[in-house]
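Visitor: Next come the chains, spelled out residue by residue.
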Amino acid sequence: MSAAGVPLLRVEDLRVSFSTEDGLVQAVDGVSFELDRGGTLGIVGESGSGKTVAALSVLGLTRTEGAQVSGRIRFEGRDLLELSDEDLRSLRGNEIAMVFQDPLSSLHPLFRVGAQIVEAIRAHRGVAKAQARARAVELLQLVGIPDPARRVHAYPHELSGGMRQRAMIAMALCNEPKLLIADEPTTALDVTVQAQILALLARLQRELSMAVVLVTHDLGVVADMAEQIAVMYAGRIVESASAEQIFGAPEHPYTWGLLRSIPTLDGPREELLEPIPGSPPSPIAPPPGCRFHPRCPYAQPEHARTDPALEPVPGRPGQRVACLLEPELRRRLWSALREGHTPEQASAAAGLPAPSIGSGLERALPAKETV
Amino acid sequence: MTEPRTSESPTTEPRTSESPMTEPRTSETLLQVRDLVKHFPLTRGVIFRREIGAVQAVNGISFEVTRGETFGIVGESGSGKSTTARLIVRLLAPTSGEVRFAGRDITALGGSRLKDVRREMQMIFQDPYSSLNPRKTVGSIVAEPLAIHKVGRDRAGRRRVVQDLMETVGLNPEHYNRYPHEFSGGQRQRVGIARALALRPKLLIADEPVSALDVSIQAQVLNLLRDLQRRFGLTLVFISHDLSVVRHMCDRIAVMRDGRIVEQAANEELYAHPRDPYTRELLAAVPGARRRDRRTIPA
Chain E
1 MSAAGVPLLR VEDLRVSFST EDGLVQAVDG VSFELDRGGT LGIVGESGSG KTVAALSVLG
61 LTRTEGAQVS GRIRFEGRDL LELSDEDLRS LRGNEIAMVF QDPLSSLHPL FRVGAQIVEA
121 IRAHRGVAKA QARARAVELL QLVGIPDPAR RVHAYPHELS GGMRQRAMIA MALCNEPKLL
181 IADEPTTALD VTVQAQILAL LARLQRELSM AVVLVTHDLG VVADMAEQIA VMYAGRIVES
241 ASAEQIFGAP EHPYTWGLLR SIPTLDGPRE ELLEPIPGSP PSPIAPPPGC RFHPRCPYAQ
301 PEHARTDPAL EPVPGRPGQR VACLLEPELR RRLWSALREG HTPEQASAAA GLPAPSIGSG
361 LERALPAKET V
Chain W
1001 MTEPRTSESP TTEPRTSESP MTEPRTSETL LQVRDLVKHF PLTRGVIFRR EIGAVQAVNG
1061 ISFEVTRGET FGIVGESGSG KSTTARLIVR LLAPTSGEVR FAGRDITALG GSRLKDVRRE
1121 MQMIFQDPYS SLNPRKTVGS IVAEPLAIHK VGRDRAGRRR VVQDLMETVG LNPEHYNRYP
1181 HEFSGGQRQR VGIARALALR PKLLIADEPV SALDVSIQAQ VLNLLRDLQR RFGLTLVFIS
1241 HDLSVVRHMC DRIAVMRDGR IVEQAANEEL YAHPRDPYTR ELLAAVPGAR RRDRRTIPA
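Sequence lines, in order, name chains E and W.
Quick note on this note's numbering: the first sequence kicks off at 1 and runs consecutively.
Quick note on this note's numbering: the second sequence kicks off at 1001 and runs consecutively.
Note that these hints are calculated values from the structure, not bench results.
All C-beta atoms in this analysis are idealised placements derived from N, C-alpha and C, irrespective of residue type, glycine included.
You may find that some hints are simply not true.
[To be verified] Which residues of chain W face chain E? A partial, calculated answer using Cβ under 10 Å:
hint, residue
1, 1077
2, 1220
3, 1249
[As the list claims (entries may be wrong)] Beta-carbon label-pair distances, calculated as ranges:
hint, chain 1, residue 1, chain 2, residue 2, range
4, E, 351, W, 1062, 53 to 61 Å
5, W, 1091, E, 351, 51 to 59 Å
6, E, 106, W, 1144, 34 to 42 Å
7, W, 1041, E, 287, 50 to 58 Å
Using the sequences and the hints, build the whole thing.
Guide: Below, the structure is given as structure tokens:
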């Protein structure tokens, strides 16, 4: 919480749906989160989990696409969903900025990088062109582009992927936003470049005390960057906690699945990965009850009927989870899993009735392939 | 390169080793790459095309792959790792150097001889969306190698083989008549793997086989590859940019940069004592490498 007790950004019960040929896609289905000034929130999820749509909605970028948006998005107390397009435009790129995944398709190919930054500055500030240009050079220097006075004249295609992403970040920072939304900012980049860009974001965040929403599928990236993490699945947040809690004491079976299915550099090498069976559900007809239950090794029959709410975890300040399993049982399951047991062994150790979905390869086969 | 290492690891997970290996592992070399070079000419002019330079995609690399092992090639984009894969299966002709498969130089082969060799080495591609023909059923995609190499007499026989293959890779054999778009990314990659296995190859070359897949699906495909390798005694060349995945999968690893191998070592050696500064840089750049520090909350 900030000094005034009001978070910089508070999203309440955000719902976004799109009508498509195949039916209504409920991309985001009741998502709430908040972010303090200078804080970092990582939103993690697979493709189709709704993480990008949730982030785009903050900027009002889902407005024009025939979408229905409801809920509240409060930025410094103002509800962004109620702002006019014009008011929103004066906020965008000014107080809230965005960095997209693919810098090549987000920069205009026919304009020089410098000119695009100058335009972004002059859209919000009544400064002279020369002044804006000087600022552009300064920004390119800030994001670590060598020889910035020359590179302002470069076209996007003349820069490498990493340099382009730096230019995008420079443009996002040009008006010193209070909030930066970065959607998979490093996914298209090589690992060494990714490490540089993440270090750059962390440094700029410190220097400019800007809040960051980092949207990614990569748990490693949020582990390095985020203080708070929200794990999304099928349009909902299924777990939200501090980074320490997510990696040290995760509560949701989906989070466990993500952590156990990714090889790490420090785990035992011969440890078999434990994949999450099946594939993510269709956003048009999500499963009833807990949306994760068809893929959950610990699902009980009643989980197909009851929809869990995101609730505080007893004894874990700040951690919230949407799971129907008893907290005590979850703790026994996770301590068995972290010792390297399979979900079946963990279930047996925790005294959970065997799952009815089957096991092994059969379980790895998704219930249905087609949407 | 150091001594060829047989790949039975003492800690082999009991859960997949239940399937007996059909081929005993020996320390025999299956694939040998020597001083391999590939330059792509840069030309200027339309009528009088002249060479103005060359992209040195692969610049004199040598390595050996032992039967039954998984050999990893790791590098960033532009390092030449995918070109190397294409040179091995002769989708590209090398500028110079030698590729020996089962003791035989295949760099100069052509026509039916090359076809015979290709039967023994198959490739799995990165993108399960563009590597399957959208107009063909999954059954005919998997059956195509059989048809090309005239394996199996009649359609019914081939169909049985294909359905067996689909079952082996964890697909429902009844989905024989479905089209690629009806499958998810992970399932499409299984289709690609079934196609690669159809001719019972000795060598499988997987070029970034999981990087286009969702996180929760990647492990399914990695486990499948490992399982198949043990079951069929396959030799695997595994190409990836992801150091964590390579560490999980491979027995020996070559690190590539700018068309050269900067370091080549056994798995444990490479990760515990990286010698080349570039390897160290790569390892330090892996996101979440410091995640260990955060695992200290008592359960």
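Visitor: Against the earlier hints, flag every one the structure doesn't satisfy and list their numbers going up.
Guide: Hints that this structure does not satisfy do not exist here, as all of them hold.
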